[in-house]
Amino acid sequence: MSGITGLRVVREARLYESLGNGRAQCFTCERRCIVREGEWGFCKTKMNVKGRLYTAVYGDLSSVSINPIEKKPFFHYKPGSLALTIGSWGCNFTCPWCQNHEISKTPPSLNDGNYVDPGTLVERAVEEGCDGTSVSFNEPTLQLEYSLDLFHLAKKRGLYNTYVSNGYMTPEALKTLKDAGLDAVKIDLKGRGEAVRKYCGADVEKVWRNIGLARDLGLHVEVVSLLIPGVNDDQTTVEEVCLRLRELDEEVPLHFTRFHPDYRMTDRPSTPVKTLERAVETAYRHGLKYVYVGNIPGHRYENTYCPECGSLLIARLGFTVLKNKVVEDRCPRCGCRIPIIGPVKVSTALW
Numbered sequence: 003m004s005g006i007t008g009l010r011v012v013r014e015a016r017l018y019e020s021l022g023n024g025r026a027q028c029f030t031c032e033r034r035c036i037v038r039e040g041e042w043g044f045c046k047t048k049m050n051v052k053g054r055l056y057t058a059v060y061g062d063l064s065s066v067s068i069n070p071i072e073k074k075p076f077f078h079y080k081p082g083s084l085a086l087t088i089g090s091w092g093c094n095f096t097c098p099w100c101q102n103h104e105i106s107k108t109p110p111s112l113n114d115g116n117y118v119d120p121g122t123l124v125e126r127a128v129e130e131g132c133d134g135t136s137v138s139f140n141e142p143t144l145q146l147e148y149s150l151d152l153f154h155l156a157k158k159r160g161l162y163n164t165y166v167s168n169g170y171m172t173p174e175a176l177k178t179l180k181d182a183g184l185d186a187v188k189i190d191l192k193g194r195g196e197a198v199r200k201y202c203g204a205d206v207e208k209v210w211r212n213i214g215l216a217r218d219l220g221l222h223v224e225v226v227s228l229l230i231p232g233v234n235d236d237q238t239t240v241e242e243v244c245l246r247l248r249e250l251d252e253e254v255p256l257h258f259t260r261f262h263p264d265y266r267m268t269d270r271p272s273t274p275v276k277t278l279e280r281a282v283e284t285a286y287r288h289g290l291k292y293v294y295v296g297n298i299p300g301h302r303y304e305n306t307y308c309p310e311c312g313s314l315l316i317a318r319l320g321f322t323v324l325k326n327k328v329v330e331d332r333c334p335r336c337g338c339r340i341p342i343i344g345p346v347k348v349s350t351a352l353w
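If you read the sequence shown in our numbering, its first letter stands for residue 3, the second for the next number, and so on.
Treat the hints as calculated values from the structure; they're not laboratory data.
Now the in silico label distances, taken between C-beta atoms and shown as ranges:
| # | residue 1 | residue 2 | range |
| --- | --- | --- | --- |
| 1 | P345 | T108 | 33 to 41 Å |
| 2 | P173 | G40 | 23 to 31 Å |
| 3 | D236 | R302 | 21 to 29 Å |
| 4 | R339 | D236 | 30 to 38 Å |
Positions of the beta carbon are idealized from the N, C-alpha and C atoms, including for glycine.
All chains should be modelled from the sequences, with the hints used to inform the complete structure.
See the structure below:
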């Protein structure tokens with residue numbers, strides 16, 4: 003295994019501690035794996051070589067594409083902008099419904115065939131007219147080392163940086179990313195404690211902690227809850243999500259998205275539209291101000307409405323911003339402040 007450390011996709015990990023006896027503990031995510039010499043961490047992207055921890059996915063990209071920021075989804079951060087979006091391999095969760103399982107459940111290949119230098123990626127973003135970068139598709143925290151270099155270079159070129167994450171990084175990782183130039187994070191909230199332990203093998207309290215920490219660090223935060231029939235679509239779960247998010251910040255955008263059968267969970271139907279509508283109405287009833295549905299193009303709850311007077315402010319169709327009436331972060335009708343970062347770009351091109 004020692005011979006692979008010369009590969010470009012293999013770099014020493016940024017957050018770990020040598021424990022002696024050839025062991026190393028990873029501090030990238032909240033699994034905090036203790037990895038023995040010659041073995042891999044849970045995510046299959048961190049390996050121990052002679053007592054040192056290495057990432058095997060530095061610049062090893064499974065996908066590169068240009069996406070509207072609404073696809074992440076971010077509705078209140080740089081609306082209508084484009085992000086050069088990348089993914090790699092592996093995951094630290096065990097979700098049986100994963101729609102990106104081809105890459106998230108595939109370990110790295112340990113070769114330089116898919117390697118893309120971060121500087122090359124940034125220049126492509128600029129040349130293609132992108133406004134920022136987004137690390138997505140599989141869990142981006144596993145690309146911590148690459149993200150740090152990418153974000154630093156992107157900032158120099160005037161680009162923003164975003165993460166589409168399950169929110170299971172350590173506080174050290176989140177702070178390190180913020181210092182490197184992370185601007186916004188979308189965090190998936192996969193349900194209540196028991197369901198998240200059962201299906202994802204994780205502690206949802208760590209995710210809640212990171213939602214609050216990201217806000218405290220000054221990052222823009224949006225939360226997504228994929229409602230899956232029989233897993234986390236019950237009213238008790240929806241109520242808890244709404245109440246806890248309101249306690250953190252009633253203005254954090256919340257997206258309830260529709261489940262489609264995939265991977266190992268093909269035994270249940272897509273989420274009924276009525277279930278999503280009921281969740282949105284529950285969120286409004288509990289005082290959340292910006293609540294949306296996802297994976298239902300053309301639904302009225304894709305739009306942004308003024309929380310005070312109810313005026314339609316931003317009209318969307320899928321990932322496209324069709325109309326914008328927000329003027330200098332205000333509702334033109336009643337003057338209510340609307341928390342949106344950056345200019346709103348309207349487009350006629352449908353994504």
